[in-house]
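Chains as they are written, first to last, in this note's numbering: chain A, 57 to 221; chain B, 785 to 1286.
Please keep in mind that the hints were generated in silico from the structure rather than gathered at the bench.
A couple of the hints might just be wrong.
Stated by the list, open to error - Calculated cross-link-like contacts (lysine to any residue; reagent style SDA-like; alpha-carbon spacing at most 20 angstroms):
| id | chain 1 | residue 1 | chain 2 | residue 2 |
| --- | --- | --- | --- | --- |
| 1 | A | Lys-202 | A | Tyr-217 |
| 2 | A | Lys-88 | B | Gly-1247 |
| 3 | A | Lys-88 | B | Gly-973 |
| 4 | A | Lys-78 | B | Gly-973 |
| 5 | A | Lys-78 | B | His-987 |
| 6 | B | Lys-1284 | A | Leu-118 |
| 7 | B | Lys-1075 | B | Met-1043 |
| 8 | B | Lys-1278 | A | Arg-115 |
| 9 | A | Lys-206 | A | Val-156 |
| 10 | A | Lys-206 | B | Trp-1202 |
| 11 | A | Lys-202 | B | Leu-1186 |
| 12 | A | Lys-88 | B | Ser-972 |
| 13 | A | Lys-78 | B | Gly-988 |
| 14 | A | Lys-78 | B | Ser-972 |
| 15 | B | Lys-1039 | B | Asp-1076 |
| 16 | A | Lys-202 | A | Gly-157 |
| 17 | B | Lys-1032 | B | Gly-1083 |
| 18 | A | Lys-88 | B | Met-1244 |
| 19 | A | Lys-88 | B | Gln-974 |
| 20 | A | Lys-202 | B | Gly-984 |
| 21 | A | Lys-88 | B | Gln-1240 |
| 22 | B | Lys-1278 | A | Thr-120 |
| 23 | A | Lys-88 | B | Glu-1248 |
| 24 | B | Lys-1039 | B | Pro-1077 |
| 25 | A | Lys-78 | B | Met-986 |
| 26 | A | Lys-206 | B | His-1199 |
| 27 | A | Lys-88 | B | Val-1249 |
What the hints assert, rightly or not - Away from chain B, derived, C-beta distances all over 10 angstroms, residues of chain A:
| id | residue |
| --- | --- |
| 28 | Ala-70 |
| 29 | Trp-178 |
| 30 | Val-186 |
| 31 | Ile-190 |
| 32 | Thr-209 |
| 33 | Glu-210 |
| 34 | Ala-218 |
| 35 | Val-220 |
Owing to the predicted nature of the structure, the values given are computational and were not obtained by experimental measurement.
Backbone N, C-alpha and C fix where the C-beta goes; we use that ideal spot for every residue, glycine too.
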Amino acid sequence: MRRAELVMAIVMGAFSLYLMWKSAELPIGWTKGEGPGGGAWPFWLSAGMLVCCIWIGIRWALRTSPPSRSEDVYMDRRAFRLFALNAGALAVTIGLFHVVGAYFAIPLFLIFYLRFLGGHSWGLTGLFAVLTPIVIFLFFEVALLKSLPKGYTEPLFEPIYAIVF
Amino acid sequence: METLQLLFDGFAVAFLPVNLVLIILGCAVGLFIGAMPGLGSVNGVAILLPVTFLVPPTSAMIFLAAIYYGAMYGGAISSIMLGIPGASTAVATTFDGRPLALQGKADMALVAAATASFVGGTISVILFTAFAPPLAEFALVFGSPEIFALMLLAFATFVGLGGDDIPKTLFSIFIGLVFGAVGLDIVSGQPRLIFGEIIGFMHGINFLVLAIGIYGICEMLWTIESNKGNVMISQATMSFRGLLSALKELIGTWKTMVMGSFLGFFVGILPAAGATPGSLMAYGTAKQLSKDPDTFGEGNVDGVVAPEAANNAASTGAMLPMLTLGIPGSPTTAILLGGIVIWGLEPGPMLFIDQQEFVWGLIASLYAANLVALLLNVAMIPAFIWILKLPFTILAPIIFILCIVGGFVPTLDMHDVWLMLIFGVVGYLMRKLDYPLAPAVLAIVLGPLAEPALRQSILMSGGEVSIFFTRPIASVIMIVALVLLLLPLYPIIKRRLTVKAR
Chain A
57 MRRAELVMAI
67 VMGAFSLYLM
77 WKSAELPIGW
87 TKGEGPGGGA
97 WPFWLSAGML
107 VCCIWIGIRW
117 ALRTSPPSRS
127 EDVYMDRRAF
137 RLFALNAGAL
147 AVTIGLFHVV
157 GAYFAIPLFL
167 IFYLRFLGGH
177 SWGLTGLFAV
187 LTPIVIFLFF
197 EVALLKSLPK
207 GYTEPLFEPI
217 YAIVF
Chain B
785 METLQLLFDG
795 FAVAFLPVNL
805 VLIILGCAVG
815 LFIGAMPGLG
825 SVNGVAILLP
835 VTFLVPPTSA
845 MIFLAAIYYG
855 AMYGGAISSI
865 MLGIPGASTA
875 VATTFDGRPL
885 ALQGKADMAL
895 VAAATASFVG
905 GTISVILFTA
915 FAPPLAEFAL
925 VFGSPEIFAL
935 MLLAFATFVG
945 LGGDDIPKTL
955 FSIFIGLVFG
965 AVGLDIVSGQ
975 PRLIFGEIIG
985 FMHGINFLVL
995 AIGIYGICEM
1005 LWTIESNKGN
1015 VMISQATMSF
1025 RGLLSALKEL
1035 IGTWKTMVMG
1045 SFLGFFVGIL
1055 PAAGATPGSL
1065 MAYGTAKQLS
1075 KDPDTFGEGN
1085 VDGVVAPEAA
1095 NNAASTGAML
1105 PMLTLGIPGS
1115 PTTAILLGGI
1125 VIWGLEPGPM
1135 LFIDQQEFVW
1145 GLIASLYAAN
1155 LVALLLNVAM
1165 IPAFIWILKL
1175 PFTILAPIIF
1185 ILCIVGGFVP
1195 TLDMHDVWLM
1205 LIFGVVGYLM
1215 RKLDYPLAPA
1225 VLAIVLGPLA
1235 EPALRQSILM
1245 SGGEVSIFFT
1255 RPIASVIMIV
1265 ALVLLLLPLY
1275 PIIKRRLTVK
1285 AR
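Produce the complete structure using the sequences and hints provided.
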């Protein structure tokens, strides 16, 4: 935990420096007739972030914050496995939205989660995998006219659009 | 007396069968839309505005106002049940509503939210009825310096949210404000903070992306880790006896409800403020005033009551400048204003004279909508509780999918969904190190209001910061804000002095 506290402070400190540099693409000082430049607000806020990171670093060195004193492991093997499985499955699902679209990515994610992670029966898994995209389609596409990504499966929806709209 | 007579005439209009049906329908639709992550009152009103051309303007306005009210009630449902704020106005409700649900007290949290919403709505409608014209004039006194001072006051109350870890709380506020600055510079129109020249950053970072990332993805990852092997996350039940005991417990929170109602109403009537800052400020104030501030964020009922009373009160308050001055107090009222214009009415002081049936019919309908939304909400609590009783391995993927869809819908851009995932994952890693994440969400909501107010104020004064201390209202708010900002240092200094003295 102690090492993670320092690593996070360094990473966020570096990110603050990047934000300061990025903000400085616009004027950060006083522009005559216009007031503070467009970059001033994010620049000084990023500077504030950097100061906070240095402050966190000092507290780490002095061991005054709870994580800097902690002997616990930041993430044990089991926690890491759960984190990687869930975050990884989400990333793959979102990636699949671009390729096969929401209405195929969602059932695939549900099958993976309910059947393989949750150990539920095929019957229950199938029920959720079929019903969830139908409910989402009816609510978002039909009722609210919000079209979700369909990727390469777009042509498959044209007959449905012809019936519904 | 004249006001009362006008109000009774308004009730005669509101209780026409067609208007009553529209109130019930509007509240039900609003409740449902408000409960969906990613959708709020603004979506509901915008989507259904064209439908209202089928009925007279008064009925149309009553229907849209009922949706607005219903959505305010509904926003709390997903905040409490799923830990995902249904709309920005319900962000603060998540802080304590979700912990209460995880402790098996979802029924308590839902009843508290519904009751507080009802109290907030009722107090604000009474204030609306009695003080509409003079209050609208008072709101006009608020210029940019006063608005910025108010924002600073809101941030000052947030400093308390992070407990003792001040640098991490401040870091969280700053990063939220920086994310709120991404997009186009409001003055020059130039692109700002466009990371990697990715076009998706041009429209800025929608607060919902950060909110769903943190309260959806991050919260779920956190729950999964801390829940190892336990498939049930809540044992909440609901019975008539439970309802009565929850109501009894709520009597002790009446002061917070009243405070939230007045604060929310006042912030709501300020042009361009709306219900979100009102609910956040009410939460911060409730924490500051509480005898037990450490329990906020861990399931304190006052933490649910304050923002819920405030956001409903603010939603009524926001209608005040819209009707009396033609200035919308929130994004939803901006759409309502558009509707009024399309229906051929002219918003402004003359509306109260020329269109009395319209104005008082609407005001009377707010009383009815408030009651209908409460009854619908309470009646549906058992259904919400049933959702929480699902095994976690069913609930988790459903919530993840709602997060993805909810992150996509506001902008219809997959860039935002990726961003939401990144925020969720990084937020989870930071949360493990005690970084408070709530202030970042609050800051990204208020940042786009605070920056223009600051820049306009400094422009008005020719670069002099003293403008915040030379205007009476601004100076009072600034001093309170500075005192609140410095307040966390007091126990530290006191502790150091005690150690030195020993």
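The hints, checked one at a time:
Taking the CA atoms of Lys-202 (chain A) and Tyr-217 (chain A), the gap is near 13 angstroms; set against the 20 angstroms cutoff, the hint holds. Between the alpha carbons of Lys-88 (chain A) and Gly-1247 (chain B) the distance comes to roughly 10 angstroms, so the proposed pair stays at or under 20 angstroms and holds. Between Lys-88 (chain A) and Gly-973 (chain B) the alpha-carbon distance is near 17 angstroms, which keeps this suggested pair within the 20 angstroms criterion. Proximity of Lys-78 (chain A) to Gly-973 (chain B) is assessed by CA-CA distance (about 16 angstroms); at most 20 angstroms being required, the pair is judged to hold.
Simply put, Lys-78 (chain A) and His-987 (chain B) have alpha-carbon atoms about 17 angstroms apart, close enough for the 20 angstroms limit, and the pair holds. For a cut-off of 20 angstroms, the pair hint linking Lys-1284 (chain B) to Leu-118 (chain A) stands: about 18 angstroms separates their Cα positions. Simply put, Lys-1075 (chain B) and Met-1043 (chain B) have alpha-carbon atoms about 15 angstroms apart, close enough for the 20 angstroms limit, and the pair holds. Simply put, Lys-1278 (chain B) and Arg-115 (chain A) have alpha-carbon atoms about 19 angstroms apart, close enough for the 20 angstroms limit, and the pair holds.
For the proposed pair Lys-206 (chain A) and Val-156 (chain A), the alpha carbon gap of about 6 angstroms is at most 20 angstroms, so the pair holds. For a cut-off of 20 angstroms, the pair hint linking Lys-206 (chain A) to Trp-1202 (chain B) stands: about 16 angstroms separates their Cα positions. Taking the CA atoms of Lys-202 (chain A) and Leu-1186 (chain B), the gap is about 14 angstroms. The hint holds against a cut of 20 angstroms. Between Lys-88 (chain A) and Ser-972 (chain B) the alpha-carbon distance is near 13 angstroms, which keeps this suggested pair within the 20 angstroms criterion.
Restraint check: the Cα-Cα separation between Lys-78 (chain A) and Gly-988 (chain B) comes to about 15 angstroms, which is no more than 20 angstroms; the hinted pair holds. A distance of roughly 16 angstroms separates the Cα atoms of Lys-78 (chain A) and Ser-972 (chain B); the hinted pair therefore holds under the 20 angstroms criterion. Proposed proximity of Lys-1039 (chain B) and Asp-1076 (chain B) is supported: the alpha carbons are some 15 angstroms apart, at most 20 angstroms. Our distance criterion of 20 angstroms between C-alpha atoms is met by Lys-202 (chain A) and Gly-157 (chain A), whose separation comes to about 14 angstroms.
For the hint linking Lys-1032 (chain B) to Gly-1083 (chain B), the alpha-carbon distance of about 18 angstroms falls within 20 angstroms, and the restraint holds. Between Lys-88 (chain A) and Met-1244 (chain B) the alpha-carbon distance is near 13 angstroms, which keeps this suggested pair within the 20 angstroms criterion. Of the supplied pair hints, the one linking Lys-88 (chain A) and Gln-974 (chain B) holds, its CA atoms being roughly 17 angstroms apart against a limit of 20 angstroms. The suggested pairing of Lys-202 (chain A) with Gly-984 (chain B) holds, with an alpha-carbon distance near 19 angstroms, which does not exceed 20 angstroms.
With a C-alpha separation of about 14 angstroms, the suggested pairing of Lys-88 (chain A) with Gln-1240 (chain B) holds against the 20 angstroms cut-off. Restraint check: the Cα-Cα separation between Lys-1278 (chain B) and Thr-120 (chain A) comes to about 17 angstroms, which is no more than 20 angstroms; the hinted pair holds. Restraint check for Lys-88 (chain A) and Glu-1248 (chain B): the C-alpha separation of about 14 angstroms stays at or below 20 angstroms, so the hint holds. Only pairs whose Cα atoms come within 20 angstroms are accepted, and Lys-1039 (chain B) paired with Pro-1077 (chain B) is accepted, the gap being roughly 15 angstroms.
At roughly 14 angstroms between alpha-carbon atoms, Lys-78 (chain A) and Met-986 (chain B) fall within 20 angstroms of each other, so this suggested pair holds. At roughly 15 angstroms between alpha-carbon atoms, Lys-206 (chain A) and His-1199 (chain B) fall within 20 angstroms of each other, so this suggested pair holds. Between Lys-88 (chain A) and Val-1249 (chain B) the alpha-carbon distance is near 16 angstroms, which keeps this suggested pair within the 20 angstroms criterion. The beta carbon of Ala-70 (chain A) sits about 13 angstroms from the closest Cβ of chain B, which is more than 10 angstroms, so the claim that it is off the interface holds.
With 10 angstroms as the threshold on Cβ separation, the claim that Trp-178 (chain A) sits away from chain B holds: the shortest Cβ distance comes to roughly 14 angstroms. Look at Val-186 (chain A): its CB is around 14 angstroms from the nearest CB on chain B, clear of 10 angstroms, so calling it non-interface holds up. With a least beta-carbon separation of about 13 angstroms from chain B, Ile-190 (chain A) lies farther than 10 angstroms from that chain, consistent with its non-interface assignment. A cut-off of 10 angstroms between C-beta atoms confirms that Thr-209 (chain A) is not in contact with chain B; the least separation is 15 angstroms.
Every Cβ of chain B is farther than 10 angstroms from the Cβ of Glu-210 (chain A); the closest lies at roughly 14 angstroms, confirming the non-interface assignment. The beta carbon of Ala-218 (chain A) sits about 22 angstroms from the closest Cβ of chain B, which is more than 10 angstroms, so the claim that it is off the interface holds. Look at Val-220 (chain A): its CB is around 16 angstroms from the nearest CB on chain B, clear of 10 angstroms, so calling it non-interface holds up.
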